[in-house]
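Chain by chain, the residues run as shown.
Protein chains: 2
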Amino acid sequence: MSVYNFCAGPAMLPAPVMAKAQSELINFDGLGVSVMELSHRSKSFLAVAETAESNLRDLMSIGDDYAVLFTHGGARAHFSAIPQNLLAAADCADYLVSGQWSEGAAKEAKKYCQVNAIDVQGNLEKLKALSQGQGRYLHYCPNETIDGIAIFDEPNTTQPLVADYSSCILGRNIDINRYGLIYAGAQKNIGPSGLAVVIVRRDLLCGAQPQTPSILDYQVLDAKESMYNTPPTFAWYLAGEVFKWLKAQGGVAAMEAMNREKAALLYDFIDSSDFYRNGVDPSHRSEMNVPFQLANAELDAQFLLEAEQGGLMALKGHRSVGGMRASIYNAMPIEGVKALVEFMKRFENRNT
Amino acid sequence: MSVYNFCAGPAMLPAPVMAKAQSELINFDGLGVSVMELSHRSKSFLAVAETAESNLRDLMSIGDDYAVLFTHGGARAHFSAIPQNLLAAADCADYLVSGQWSEGAAKEAKKYCQVNAIDVQGNLEKLKALSQGQGRYLHYCPNETIDGIAIFDEPNTTQPLVADYSSCILGRNIDINRYGLIYAGAQKNIGPSGLAVVIVRRDLLCGAQPQTPSILDYQVLDAKESMYNTPPTFAWYLAGEVFKWLKAQGGVAAMEAMNREKAALLYDFIDSSDFYRNGVDPSHRSEMNVPFQLANAELDAQFLLEAEQGGLMALKGHRSVGGMRASIYNAMPIEGVKALVEFMKRFENRNT
Numbered sequence: 003m004s005v006y007n008f009c010a011g012p013a014m015l016p017a018p019v020m021a022k023a024q025s026e027l028i029n030f031d032g033l034g035v036s037v038m039e040l041s042h043r044s045k046s047f048l049a050v051a052e053t054a055e056s057n058l059r060d061l062m063s064i065g066d067d068y069a070v071l072f073t074h075g076g077a078r079a080h081f082s083a084i085p086q087n088l089l090a091a092a093d094c095a096d097y098l099v100s101g102q103w104s105e106g107a108a109k110e111a112k113k114y115c116q117v118n119a120i121d122v123q124g125n126l127e128k129l130k131a132l133s134q135g136q137g138r139y140l141h142y143c144p145n146e147t148i149d150g151i152a153i154f155d156e157p158n159t160t161q162p163l164v165a166d167y168s169s170c171i172l173g174r175n176i177d178i179n180r181y182g183l184i185y186a187g188a189q190k191n192i193g194p195s196g197l198a199v200v201i202v203r204r205d206l207l208c209g210a211q212p213q214t215p216s217i218l219d220y221q222v223l224d225a226k227e228s229m230y231n232t233p234p235t236f237a238w239y240l241a242g243e244v245f246k247w248l249k250a251q252g253g254v255a256a257m258e259a260m261n262r263e264k265a266a267l268l269y270d271f272i273d274s275s276d277f278y279r280n281g282v283d284p285s286h287r288s289e290m291n292v293p294f295q296l297a298n299a300e301l302d303a304q305f306l307l308e309a310e311q312g313g314l315m316a317l318k319g320h321r322s323v324g325g326m327r328a329s330i331y332n333a334m335p336i337e338g339v340k341a342l343v344e345f346m347k348r349f350e351n352r353n354t
Numbered sequence: 003m004s005v006y007n008f009c010a011g012p013a014m015l016p017a018p019v020m021a022k023a024q025s026e027l028i029n030f031d032g033l034g035v036s037v038m039e040l041s042h043r044s045k046s047f048l049a050v051a052e053t054a055e056s057n058l059r060d061l062m063s064i065g066d067d068y069a070v071l072f073t074h075g076g077a078r079a080h081f082s083a084i085p086q087n088l089l090a091a092a093d094c095a096d097y098l099v100s101g102q103w104s105e106g107a108a109k110e111a112k113k114y115c116q117v118n119a120i121d122v123q124g125n126l127e128k129l130k131a132l133s134q135g136q137g138r139y140l141h142y143c144p145n146e147t148i149d150g151i152a153i154f155d156e157p158n159t160t161q162p163l164v165a166d167y168s169s170c171i172l173g174r175n176i177d178i179n180r181y182g183l184i185y186a187g188a189q190k191n192i193g194p195s196g197l198a199v200v201i202v203r204r205d206l207l208c209g210a211q212p213q214t215p216s217i218l219d220y221q222v223l224d225a226k227e228s229m230y231n232t233p234p235t236f237a238w239y240l241a242g243e244v245f246k247w248l249k250a251q252g253g254v255a256a257m258e259a260m261n262r263e264k265a266a267l268l269y270d271f272i273d274s275s276d277f278y279r280n281g282v283d284p285s286h287r288s289e290m291n292v293p294f295q296l297a298n299a300e301l302d303a304q305f306l307l308e309a310e311q312g313g314l315m316a317l318k319g320h321r322s323v324g325g326m327r328a329s330i331y332n333a334m335p336i337e338g339v340k341a342l343v344e345f346m347k348r349f350e351n352r353n354t
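In order, the protein sequence lines correspond to chains P and H.
Positions 3 to 354 (the working numbering) are the ones given, in order, by the first sequence.
Positions 3 to 354 (the working numbering) are the ones given, in order, by the second sequence.
Treat the hints with care, since some could be wrong.
Copies of the same chain are indistinguishable here, so a pair counts whether it falls within one copy or spans any two.
Said to hold, decoys possible - Keeping only pairs whose Cα atoms sit at most 30 Å apart, straight-line, the calculated DSS-like set for lysine-lysine is: (1) K45 / K22; (2) K128 / K340; (3) K128 / K249; (4) K45 / K226; (5) K128 / K112; (6) K246 / K347; (7) K45 / K130; (8) K45 / K340; (9) K340 / K112; (10) K113 / K22; (11) K226 / K112; (12) K112 / K130; (13) K109 / K340; (14) K112 / K22; (15) K45 / K113; (16) K347 / K45; (17) K347 / K22.
Don't read these hints as lab results, they were simulated from the structure.
Here chain P stands alone, though its shape is the one from the complex (with noise of 0.2 Å):
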């Protein structure tokens, strides 16, 4: 029976990506060793990240004036680390709060700046009106993973945009230089957690908070390569596979395309039945997280464990939320997304 992963993450990885990494797990390039016993410093693991940065600067048609940084964490690292470079105590940002990533961004941030929250939950249609801020720069959330909200259109101001892309980032083609900040933790499009990466232009740093932690100091990192301390040598080497892949898949807009295909096949399903619902403005719905429920939540418990018998894992939606989500990154074939709309209907046949 094929097994297909809904986790909204950590989230599963392409199958190719994993079969290399088991088969050379132990004894990578040939030299009797895992790649997560050498050295960061070593010939051998300064080509791994240099080619994953590499890489990914290609998909992303990322300049030189960026930074690209692999780092410790995943986004919550960098709902600190943000505030803290990007400016100082007494200034203020804009945080967009679409859902409940944007938010907890907002939150952290308060720590460091004067924060000027705009609230657009339940009101999606406020993101057309929004005008210059004042703020030194506008944070949001282009995916809400738990809502399943997405933001497609750049807000409309000229402030700096800083976003977090953690459960998006790679899975449609974006105009980096619309951004001076991108982060995204690794464990939804790139690889395992415990690693996170910040694209940021670098002109916008300009020294540090003086209370900011080494580790989350973006100009240390960028200095040193983001071997300030030792990295998570194994995350990165898995995402530099991922990259590879993706390169192998067509880059981003092959699996743009295939992300629409994978998300229309799913909502259509849903908004065609009765029997389940997507209740977020067709206009933002997220491809990667599809939360539904069941019109009758007392099926909840049967529908996931027949979907697990089906093999069909992780289909719980959030705590926060209840009922069910379906997370379809990049990794997942479109062969998941049928198997899943296919049980769907038996379900749906066998309880109506």
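Assemble the complex: chain P is given as a structure, and chain H must be docked to it using the hints.
Just chain H, lined up with the frame of chain P:
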């Protein structure tokens, strides 16, 4: 040819642990997916996490009055976190400086408190005369990875002891109750890089400084059982496998005996030769990291080349020290040390 990896970190992991990790890399526990593709909140991963913690508590006899945290980052993350969690900005802490790592810890701490640095570099005799300090805690590094210097006896003070055990945790028995906090980057004696373990007496945690990043707030991590954000799950899993392996070997006491034997083998040979030397005071020689110099430094490159050709990897000393360094953590079998000594003898014979 056997390969023995003497890297200081990321370091070799026990061969049986790596073999098991490889065998179940893409199918953990019969689930059809990798352990790194599981939700950190899934029943399967929670079992991994809890077993790891419980085995570590067993191995080190850690009571319930201590929190055991599995965190992102390496020891350097905690250079920042410790003062932010244990005292107020106006407070003072004592930092014993015995080498490069303890010096780094003292430097970072200055961002968050008053630091009284007690420099014993070049004169470890001073340790005997150490008297009760005024600081809220005394920080020291019982094993200086770079310099190959160990402090085996806890400093003679009633202040809470805070110790960076990165390169010697689980290498010899300690009485955890003599410490307020110990911490360790995983990549030497625990697992891969990107994970750090903190063991802290809970009564010392009375509210972090207001600017502390939430991911470094020990009370937050303790309350959330190290899952405030997505933890580095694969590293946590591997650490758990190392703990199981340690128990199967007979625990820390068995490791301690073996580590003494390995270290004696190498130091005794070095001391018996005029071709090699180690300049550390014999009562402070690390059992984990053995730096040594060739009398004729012009032979360094040839030594390293021939060692690599003979399957003895990563013997180059830290760039700030030069010469050689053999890191012989728990995972290094005695056969590796014997092979190194045999090679050193042959190299000496060929070059004298």
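Status of the hints after comparison with the structure:
no.	hint	result
1	K45 / K22	both (21 Å within a copy, 27 Å between copies)
2	K128 / K340	neither (35 Å within a copy, 71 Å between copies)
3	K128 / K249	neither (37 Å within a copy, 59 Å between copies)
4	K45 / K226	within (16 Å within a copy, 39 Å between copies)
5	K128 / K112	within (23 Å within a copy, 45 Å between copies)
6	K246 / K347	neither (36 Å within a copy, 45 Å between copies)
7	K45 / K130	neither (50 Å within a copy, 42 Å between copies)
8	K45 / K340	between (44 Å within a copy, 27 Å between copies)
9	K340 / K112	neither (44 Å within a copy, 57 Å between copies)
10	K113 / K22	neither (43 Å within a copy, 44 Å between copies)
11	K226 / K112	both (29 Å within a copy, 21 Å between copies)
12	K112 / K130	within (26 Å within a copy, 47 Å between copies)
13	K109 / K340	neither (39 Å within a copy, 56 Å between copies)
14	K112 / K22	neither (43 Å within a copy, 45 Å between copies)
15	K45 / K113	neither (40 Å within a copy, 34 Å between copies)
16	K347 / K45	between (53 Å within a copy, 28 Å between copies)
17	K347 / K22	neither (35 Å within a copy, 40 Å between copies)
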